[in-house]
Structures are given as C-alpha cells and as structure tokens.
Amino acid sequence: QQGTVSLPPPPRDSLLLETGLLAVLVAPLRVPWGGRWVPRGAHAAGTFWLVRWLLFRLMFGSGVGKLSSRCPAWWGLTALNHHYQTQCIPTPGAWFAHQLPSWVQKLSVVGTFLIEIPVPLLFLAPLRRLRLFAFYCQVLLQILIILTGNYNFFNLLTLTLATSLLDEEHVGHWLGKGKRRPARAWPPSLCSCLRALLEIGTYSLLLYWGVQFFGLEIDWEKKLLDAKVAFTYHEFTTGLSRVMLPLVGLASLSLAWELLTGLYRCARARGWLWKLWALLQWGIFTAATLAMFALSLVPFTSLSPGCSGQLWPGLQRLFSATQRLQPVQSYGLFRRMTGLGGRPEVVLEGSYDRHSWTEIEFMYKPGNVSRAPPFVAPHQPRLDWQMWFAALGHHSSSPWFTSFVHRLLQGKEDVIRLLQLDETQYPFSAQPPTYIRAQLYKYWFTSSAQASQGPAPWWRRQHVQEFYPPVSLGDPTLEALLDQYGLKDRPSPRPPAVSVVARLLRSLRQLSRPFSGLAILASLYLVAASALLLQDLARAARGGSPPARHKGPRRGDPGGGDRDGAGRRRGAEERAEGRARGGTEGQGVTNGDGRTR
1 QQGTVSLPPP
11 PRDSLLLETG
21 LLAVLVAPLR
31 VPWGGRWVPR
41 GAHAAGTFWL
51 VRWLLFRLMF
61 GSGVGKLSSR
71 CPAWWGLTAL
81 NHHYQTQCIP
91 TPGAWFAHQL
101 PSWVQKLSVV
111 GTFLIEIPVP
121 LLFLAPLRRL
131 RLFAFYCQVL
141 LQILIILTGN
151 YNFFNLLTLT
161 LATSLLDEEH
171 VGHWLGKGKR
181 RPARAWPPSL
191 CSCLRALLEI
201 GTYSLLLYWG
211 VQFFGLEIDW
221 EKKLLDAKVA
231 FTYHEFTTGL
241 SRVMLPLVGL
251 ASLSLAWELL
261 TGLYRCARAR
271 GWLWKLWALL
281 QWGIFTAATL
291 AMFALSLVPF
301 TSLSPGCSGQ
311 LWPGLQRLFS
321 ATQRLQPVQS
331 YGLFRRMTGL
341 GGRPEVVLEG
351 SYDRHSWTEI
361 EFMYKPGNVS
371 RAPPFVAPHQ
381 PRLDWQMWFA
391 ALGHHSSSPW
401 FTSFVHRLLQ
411 GKEDVIRLLQ
421 LDETQYPFSA
431 QPPTYIRAQL
441 YKYWFTSSAQ
451 ASQGPAPWWR
461 RQHVQEFYPP
471 VSLGDPTLEA
481 LLDQYGLKDR
491 PSPRPPAVSV
501 VARLLRSLRQ
511 LSRPFSGLAI
521 LASLYLVAAS
531 ALLLQDLARA
541 ARGGSPPARH
551 KGPRRGDPGG
561 GDRDGAGRRR
571 GAEERAEGRA
581 RGGTEGQGVT
591 NGDGRTR
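Residue 597 in our numbering sits at position 597 of the sequence shown; the count goes up by one each step and never skips.
Since the hints were made in silico from the structure, they are not lab data.
Glycine included, C-beta positions come from ideal geometry on N, C-alpha and C.
Mixed in with the good hints there might be a few duds.
What the hints assert, rightly or not - Quick list of the computed label-pair ranges, beta carbon to beta carbon:
no. : residue 1 : residue 2 : range
1   : A480      : V24       : 45 to 55 Å
2   : A502      : A480      : 43 to 53 Å
3   : R513      : L533      : 21 to 31 Å
4   : T424      : L511      : 16 to 26 Å
5   : D483      : W174      : 57 to 67 Å
6   : E479      : T238      : 49 to 59 Å
7   : A480      : L250      : 51 to 61 Å
Make the full structure from the sequences, and use the hints.
Okay, structure coming up:
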C-alpha cells in the first residue's frame with residue numbers, strides 16, 4: 001500500500017487463528033432464558049476438550065519435529081548452546097543463560113524433549129494429578145522461554161491453552177475459595193491405592209525414559225551429569241510410526257468420554273422442554289467438535305508420513321477443501337537450529353554522498369553491540385522479526401525488503417516509525433538519505449570472562465558480505481527490482497471512499513502515535529484487569545456480607561480463657577437448677593438463692 005510495507009504473517013499467527021475458532025465453540029453466545037434450567041456448560045464438554053487437544057498437538061508436534069528434522073544441534077543436544085543468541089529477539093536473560101556450562105545446556109535440551117514429547121500424553125490422562133503435573137511442566141517451560149526470548153503473545157497464548165488442564169477445584173484453591181476435603185480414611189480404599197500406584201508408575205516411567213533414551217550418567221571425575229541421544233533416527237521414526245495410530249485411538253476415547261459426560265449432564269436438565277433444548281445444543285456442538293477433531297487428524301498424522309496415508313481419503317479431501325480458511329494446522333516450533341556459526345544480522349546504512357555511511361538502528365533487533373537486548377513481549381515488532389528471517393537468505397527471498405528500502409528513500413513517516421518512534425534516534429530525520437545499502441554481519445554474545453574498557457558490550461560482531469547493493473531513488477537496480485516484484489506505485493483509478501470506520505481508525509492511530517506498541521498493549525491489559533476487578537467488587541457488594549455474629553473473647557484474650565469457660569459451666573448449672581425448680585428459660589435464669597436474674 002502507499003507508504004507502507006507489506007510483511008508476511010509469522011507462523012504463530014496460525015495458532016492464534018485456531019485458538020480464536022475454538023474460543024467461539026467453547027464460549028458461544030448463551031440464550032438468556034435457557035441459562036437457568038439448562039446445566040451450565042453442558043454442551044461445552046467436547047468443545048473444551050479441543051483446547052486440550054490443540055495444546056497436545058502444539059507441544060507434541062514441537063518435540064517430534066525437532067528430531068524429525070535431523071538437525072545436528074538437536075540430535076547432539078547442543079541446540080541451546082546456540083539458541084539464546086540466534087533467536088529472533090533475545091532478552092537480557094538470554095545473555096545470562098548463554099553463559100551456563102555446556103552440561104547444563106545439554107540437560108536443558110533433555111528436559112525440553114521430556115516436556116514436549118512424553119509429558120503431553122498426560123494431557124489426555126483420566127487422573128487429575130497427572131494432568132496437574134503436566135500443567136506445571138508446561139508453565140515451567142513457558143516461563144523460562146519468556147525470560148530468555150521475546151516471542152510476542154505466543155507464550156501467553158500457550159499458557160492460556162494450558163489452563164484447559166485445570167479444574168474448578170484447583171483454581172478455587174488459587175483464589176482461596178477451595179472446598180475443604182474430608183479427612184482421608186485409613187486404610188485407604190482400593191481405588192485410592194490404584195491411583196497412587198498409577199501415578200508413581202507414570203513418574204517412574206518418565207524418569208526411566210529420560211535415563212534410557214538420553215544416556216544420562218554421572219561423570220564422577222568431572223562432577224557433572226552427562227547426556228547423549230541413545231537411539232538412532234531409524235529407531236525414532238519406527239517407534240513414532242508405531243505410536244501414532246494408538247495416540248489417535250487414545251484421543252478418540254478421551255473425546256468420547258467427554259462427549260458422554262456432556263450428554264449425561266444434558267439429560268439431567270429440569271423439565272422435558274429444557275432437556276430437549278440442552279440435547280439440541282449438545283448435538284450441534286458435538287457435530288462441530290467431531291468435525292474439528294477429524295480435520296486435525298490430517299496435520300497431526302503428517303508427523304509420521306507412513307501414518308497419514310492410513311486415514312480415510314475423505315478426510316484428506318475435506319482438509320484440502322478447508323485449507324484456505326486454516327481451521328487447523330500442523331505445529332513444529334524450532335525444527336532446525338539456525339545460526340550455528342553465528343547469528344546472521346542485516347545492518348542498514350544510509351548516506352548523502354555514498355562515501356560516509358551511517359548505520360540505521362532498529363528499536364528492538366540487535367545492532368549496536370553495546371545496547372542491551374530488550375523486553376518487548378507480548379508486543380510483536382513485526383519488522384524487526386522479519387529482518388531476522390531476511391538475514392537467513394538472499395534479499396531476493398524477501399521481496400518486501402526492496403519495498404522497505406524504497407520507502408526509506410522516500411522518507412515515508414509511517415515506515416520510519418517502524419524503525420524508531422523517537423525522531424532523535426533516527427539519523428536521517430531532517431532529510432531522507434540519498435543512498436541506502438545493507439551489510440550482513442555475524443553476531444555472538446560476549447563472554448562473561450571477556451574484559452573490556454568502559455561499558456561491557458553485550459555482543460561482538462564480524463562483517464561477512466554485502467546484503468543489498470547501494471541504491472537511490474531512480475536507480476536502475478532499484479527500479480528493476482520493484483518492477484520484478486510488482487511493488488511499483490500505481491495511481492488509483494479513483495480516490496478511495498473514506499468510511500466512518502476508516503476515520504475512526506485514523507483518529508485512534510493518531511492518538512497512539514506517541515506511544516510504543518508495548519506501552520499500548522500493557523495499557524490494554526491493565527484496563528481489562530481493572531475492569532474484571534471492579535466487576536468482582538461490584539458483585540461482592542451486591543451480594544453483601546453475612547452479618548457478623550457476636551463472639552466471646554478468645555482464649556488468651558483479656559477476660560477470656562479458663563474463667564470464661566468456668567462462667568459458662570456455672571451458667572449452665574444454674575439454668576438446669578432453675579428448670580428443676582419449675583422456672584422456664586423464657587422467664588429468666590434462677591440463681592442459687594431462688595432469685596431470678
């Protein structure tokens with residue numbers, strides 16, 4: 001568009017799209033007159049299970065994808081030796097994590113594989129404690145990722161999906177509203193013993209899986225714990241093909257249980273009319289749930305190519321017909337580790353005379369070696385994000401980069417604000433540069449033992465080659481590239497109509513110009529949290545609090561203690577004596593001398 005740069009959407013937008021579709025099914029519009037007699041959420045048992053299934057596909061696909069890619073860094077358990085400095089936009093915590101010893105990095109990779117491959121199987125477990133264990137494993141992983149990398153909304157979205165593993169009782173304990181469980185009987189029942197044995201067996205199996213398949217052993221001489229992959233790629237693919245279809249069967253049984261539970265709750269509705277209405281809702285949402293689950297089997301079984309061909313051909317055709325809407329996707333995060341020889345980074349430079357070049361700094365991505373990595377999540381600076389992808393290949397693989405350079409030469413303010421909100425930080429704020437070029441560098445985190453004069457740099461870098469040739473407005477090279485990619489400005493045949501929505505958006509954009517994306521998002525989250533808090537306070541005020549009953553002094557308080565207990569006993573004895581003499585409780589209490597008090 002005029003004055004803008006078109007950027008391709010990152011793959012994590014697919015997760016946001018599928019989550020939004022499931023949110024429509026999980027929390028549909030409720031009929032006001034049906035909420036009283038129809039059991040609350042009776043129809044949502046199956047649709048809410050889809051959220052858990054999405055979380056399973058996300059985590060399991062990420063773990064399996066790392067090994068399926070045959071990436072030597074993942075198979076050698078050295079991926080985290082490079083990950084912290086080569087990810088899109090690292091945080092200051094990434095620098096400190098990069099300084100950890102190599103054996104700690106290896107154990108971290110093993111822990112990642114355990115959390116992403118076998119632990120997600122517990123998402124479908126019937127036992128509550130196993131699901132809670134899996135939930136806290138995912139929370140641990142996501143928090144560590146948040147501390148060491150800026151992945152916009154992705155980690156918060158994953159944590160939101162992980163709440164599908166919780167139940168009302170556990171959330172009630174968080175909020176201080178949990179119900180007190182009755183004391184456990186002794187000896188425990190047979191079911192309690194079986195549950196405990198199953199939980200212990202599951203934890204023992206996870207530990208055995210880690211030791212057996214990753215060769216965990218203690219090196220007593222070096223006083224460290226070493227690890228290595230103890231299976232081959234052929235053994236991995238063979239085992240994966242054997243478990244894929246049983247996993248589909250396990251998921252089908254878990255979904256069937258949820259659907260039958262919802263059907264039972266609908267059958268308990270009061271009155272035949274409301275019962276019929278509840279069953280109608282259950283039937284509609286069950287059909288939608290089964291359709292989404294069937295569609296998701298196509299990308300899920302693609303993790304093992306031999307299994308995807310065993311699905312019903314009609315599912316393949318249905319998936320192809322709905323693919324343009326992207327209702328379901330296949331997920332595999334960090335399949336291959338890039339930048340093993342150093343982090344590739346594109347550095348823009350501008351000049352007025354083609355002799356003296358000035359670097360153009362971005363707000364978030366690495367550039368100045370002395371600038372600390374930022375914290376920007378949940379904001380996603382898409383330009384800085386896409387610059388990371390552009391550095392992985394030739395500039396022809398990123399046609400938008402040519403349009404980006406063209407807009408900077410034109411001095412388009414909207415594009416410049418993607419670079420720097422503060423005009424003083426942009427070296428060509430007074431006049432657009434005459435020439436722009438881009439250089440390719442390799443960046444590495446500095447070592448904690450590296451000495452330096454003045455402020456310690458966070459990065460060190462080395463020039464590799466020219467990434468984009470020097471161009472100017474009207475340059476034949478630039479014009480040819482713009483024409484090749486179809487990015488030349490074309491006059492509109494008629495002026496676009498300005499609608500009320502367009503004017504409103506333009507006004508909002510003008511109001512938000514002085515603020516960064518992170519500040520705007522933080523403000524929106526704060527407003528939403530404040531609104532929820534005020535809503536809860538208003539609900540509590542309307543409900544009121546029960547009247548406080550008078551209580552006597554507590555034990556140990558002045559006027560309390562044993563004297564209080566003795567007084568109560570004397571009062572009880574006197575009342576009993578008074579009743580024996582013919583007095584009544586309504587007439588008063590009789591003292592020992594016959595007088596009433």
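Cross-check of the supplied hints:
no.	hint	result
1	A480 x V24: 45 to 55 Å	holds (47 Å)
2	A502 x A480: 43 to 53 Å	violated (34 Å)
3	R513 x L533: 21 to 31 Å	holds (30 Å)
4	T424 x L511: 16 to 26 Å	holds (22 Å)
5	D483 x W174: 57 to 67 Å	holds (59 Å)
6	E479 x T238: 49 to 59 Å	holds (55 Å)
7	A480 x L250: 51 to 61 Å	holds (57 Å)
In this structure, the one hint that does not hold is number 2.
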